[in-house]
Amino acid sequence: MKTDIIISGVGGQGILSIAAVIGEAAVHQNLYMKQAEVHGMSQRGGDVQSNLRISDKPIFSDLIAKGKANLILSLEPMEALRYLPYLALGGWIVTNSTPLINMTDYPDAEALQKALNDLPNIVVFDVDKIAKEVGSTRVSNMVMLGAATPFLGIDYEEIESGIKRIFERKGPDIIALNLKALAAGKKIADASIHI
Amino acid sequence: MEKMLLLGDEAIAQAALDAGLSGVYAYPGTPSTEITEYIQSSPKSRTDNIHCKWSANEKTAMEAALGMSFAGKRALVCMKHVGVNVAADAFMNAAVTGIVGGLVFVAADDPSMHSSQNEQDSRFFGQFALIPILEPSNQQEAYDMVYEGFELSEHCGVPVMLRITTRLAHSRSGVKQRPEMPQNELHFSENPRQFVLLPANARVQYQKLLTAQKDFLKYSEESIFNTYYEGLDKSRGIVASGIAYNYLMENYPEGCPYPVLKIGQYPLPEKLLHKMALECKELVVLEEGYPLIEDALKGVLGIGLKVRGRKDGFLPRAGEFNPDIVGKAFGFEIPENRPVPEVVKMRPPSLCVGCGHRDMYEALNEAVADKADECKVFSDIGCYTLGYLPPFRSIDTCVDMGASITMAKGAADAGLKYPVAVIGDSTFTHSGMTSLLDALNENSPITVIISDNETTGMTGGQDSSGTGKLEAICLGLGVAPEHLHVLVPLKKNHDEMVRIIRQEMDYSGTSVIIPRRECIQTVGKKNRFK
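So the protein sequences, as listed, match chains A and B.
If you use the numbering used here, the first sequence corresponds to residues 23 to 217, in order.
If you use the numbering used here, the second sequence corresponds to residues 87 to 616, in order.
If you are wondering where the hints come from, they were derived from the structure by calculation, not from laboratory data.
Watch out, some of these pointers could steer you wrong.
Some, not all, of what chain B presents toward chain A, calculated at C-beta under 10 Å [as the list claims (entries may be wrong)]:
#1 Asp196
#2 Ser202
#3 Asn204
#4 Val426
#5 Cys438
#6 Leu472
Residues from chain B that keep clear of chain A, each with C-beta distances beyond 12 Å, as calculated [to be verified]:
#7 Lys166
#8 Gly260
#9 Gln291
#10 Glu356
#11 His360
#12 Gly388
#13 Pro427
#14 Glu582
No residue lacks a Cβ here, since even glycine has one placed at the ideal position from N, Cα and C.
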């Protein structure tokens with residue numbers, strides 16, 4: 023197996039916590055993994071991305087080549103589109119629908135919606151809304167991760183046990199909340215795929 | 087043992103801990119910061135009393151590391167590429183004194199300038215100092231090279247440079263650990279002249295370093311980090327160093343048809359290069375950074391075997407590589423499935439909402455609004471450099487750590503009426519104090535704003551060595567008490583800030599204004615831990 027994922031967002035949104043869970047699950051399964059992050063200046067409200075690569079064979083490049091990403095997972099709708107040249111034919115986009123506007127020339131909602139609707143394989147949903155329904159906006163990133171699970175090439179159960187390991191010290195309630203968020207996200211993605 | 091999932095920077099730190107490290111010395115700088123942070127957060131640094139506090143700048147870091155090595159223990163010193171310029175005096179001379187305890191010097195380069203003012207290549211500094219250089223291609227190699235680097239340093243008797251680039255520093259992968267070694271005992275050189283670089287001693291030491299070059303070359307030629315991979319197609323031979331090797335192999339998943347010489351240790355392994363030159367019709371050099379290997383192979387005359395690389399247009403001259411750039415150079419078609427839609431706009435970094443630098447710039451902009459070209463604002467390296475961007479557009483310069491104050495002074499010397507310097511607290515103690523002393527010794531008519539957020543902000547909120555001491559430092563250097571002001575940069579104090587900035591700009595001598603409010607990121611972090 024081989025899955026190339028671009029996780030995108032705006033500096034400060036916490037895209038790295040999503041990458042951490044996927045990475046944990048991948049390493050636990052003895053898969054090879056490379057995950058390139060952005061630190062430094064861009065983290066101050068600029069566009070940020072993480073290239074996450076998982077494979078059962080050794081991986082060379084830390085960066086994904088154009089047209090090779092199987093999934094773009096984005097915490098912000100405009101940022102999902104920034105990496106389109108990297109998406110493989112048949113690749114999927116899973117993105118939050120809520121814009122983060124910290125710039126003067128942010129595109130108007132309609133134009134952005136149209137650009138997103140033009141894409142064949144896309145899951146767009148309000149992550150914070152789902153997270154609130156689950157119990158807390160603090161688990162937004164787990165909802166996001168849940169929506170990505172059908173495309174990861176890693177069993178859902180492995181992601182679940184990754185979460186259990188990462189949050190082990192925080193106690194059973196926190197684990198349960200995160201698992202619930204994960205399941206809620208997965209449900210959204212499953213519904214979109216079957217349309 | 088299960089592999090640890092580590093950033094390149096963390097792999098370096100873990101290797102140093104496992105190799106019997108006694109102290110790390112560093113000043114924060116992207117992409118090197120996480121090395122020291124990892125050691126700081128490691129339980130071993132506490133149980134084994136490993137030094138890991140931040141240094142005031144890269145030069146003090148290098149000197150302290152050399153002191154630890156002088157005392158027989160293993161030291162790690164880490165910095166970003168431009169930090170090597172700051173450390174250069176100590177670094178160059180440490181190659182001449184040599185070491186006692188192993189000393190690994192990490193230089194983290196930033197090709198493409200993701201978070202830097204230039205993309206200088208630290209390998210030149212390693213070569214300049216005449217010491218061995220190691221250059222990993224992945225996180226495991228970064229670990230192994232540091233682990234063995236201490237050994238190599240002690241064996242060669244000189245510091246060893248580990249050169250990395252941003253992608254390796256900030257990419258995570260599985261790393262296998264090796265057995266933990268104990269720290270060295272306190273012990274000293276048996277040669278009392280070694281560290282006293284009076285000319286008579288320095289000549290002896292320098293000659294020793296020159297004589298050792300043939301050994302360093304031999305180690306390189308025998309190094310497992312320099313590997314020759316045979317290939318059937320000899321129309322080309324490829325020399326690939328560091329992570330550039332990965333981008334080549336990414337394009338040849340079934341194996342590269344050409345012979346490949348993977349370089350991970352310098353001086354360049356001459357015998358292996360000769361072998362490739364004799365076998366192949368032309369050479370292609372893939373290296374992140376400047377064309378160091380390419381120049382070495384091509385020479386000035388450029389006669390003989392054809393060498394391709396960054397200088398003949400085979401690859402771009404500037405910027406970091408990626409799989410597409412390397413693939414394109416080798417004639418692969420790069421898929422253009424979908425362009426970036428037009429609705430996507432640039433999202434440059436910006437000062438955080440609620441940041442004190444914002445209030446400082448708003449006040450400064452108003453204070454200088456009527457001065458036009460009679461006022462220029464000289465700024466420095468840090469979050470406040472973002473004051474260049476809209477909506478502020480406040481600053482006219484950003485060059486190197488500490489340059490704000492001294493450039494303002496020079497412009498004052500040239501006749502500029504209202505030179506203003508804007509510098510952060512950490513940058514001020516890194517390299518601004520001597521600049522301020524120069525200005526004060528001539529009572530230059532400059533207004534220095536030390537925008538104090540009580541942290542090293544841009545790199546993620548590390549301790550700032552001047553916290554709580556800035557007024558005392560300024561007064562001690564000779565700032566007149568009536569021209570030293572401390573303000574709280576908040577909306578409600580806007581008018582007062584404007585008034586004081588104007589007042590001090592009108593004073594024809596050196597004044598210092600310190601707007602002080604803690605970085606909202608570090609405040610947020612503290613609240614989360616409460």
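Hints, one by one, checked against the model:
1. With its C-beta approaching chain A no nearer than about 8 Å, Asp196 of chain B sits inside the 10 Å limit, and its interface hint holds.
2. Hint on Ser202 of chain B holds. Least Cβ distance to chain A is approximately 8 Å, under the 10 Å limit.
3. Among the interface hints, the one on Asn204 of chain B is violated; its C-beta lies about 14 Å from the nearest C-beta in chain A, farther than the 10 Å criterion.
4. Given hint, Val426 of chain B at the interface with chain A, holds; its Cβ is 6 Å from that chain's nearest Cβ, closer than 10 Å.
5. Against a cut-off of 10 Å between C-beta atoms, the interface hint on Cys438 of chain B holds, since the closest Cβ of chain A lies about 7 Å away.
6. Interface hint at Leu472 of chain B: satisfied, since its Cβ lies 7 Å from the closest Cβ of chain A, which is below the 10 Å cut-off.
7. A cut-off of 12 Å between C-beta atoms contradicts the statement that Lys166 of chain B is not in contact with chain A; the least separation is 10 Å.
8. Here Gly260 of chain B does not stay apart from chain A, with its beta-carbon only about 6 Å from theirs, under the 12 Å limit.
9. The beta carbon of Gln291 of chain B is kept farther than 12 Å from every beta carbon of chain A, the shortest such distance being approximately 38 Å.
10. No beta-carbon of chain A comes within 12 Å of the beta-carbon of Glu356 of chain B; the shortest separation is about 27 Å.
11. With 12 Å as the threshold on Cβ separation, the claim that His360 of chain B sits away from chain A holds: the shortest Cβ distance comes to roughly 27 Å.
12. No beta-carbon of chain A is positioned within 12 Å of the beta-carbon of Gly388 of chain B; the least distance is around 31 Å.
13. With a cut of 12 Å on Cβ distances, Pro427 of chain B falls inside the contact zone with chain A, its closest approach being about 4 Å.
14. No beta-carbon of chain A comes within 12 Å of the beta-carbon of Glu582 of chain B; the shortest separation is about 28 Å.
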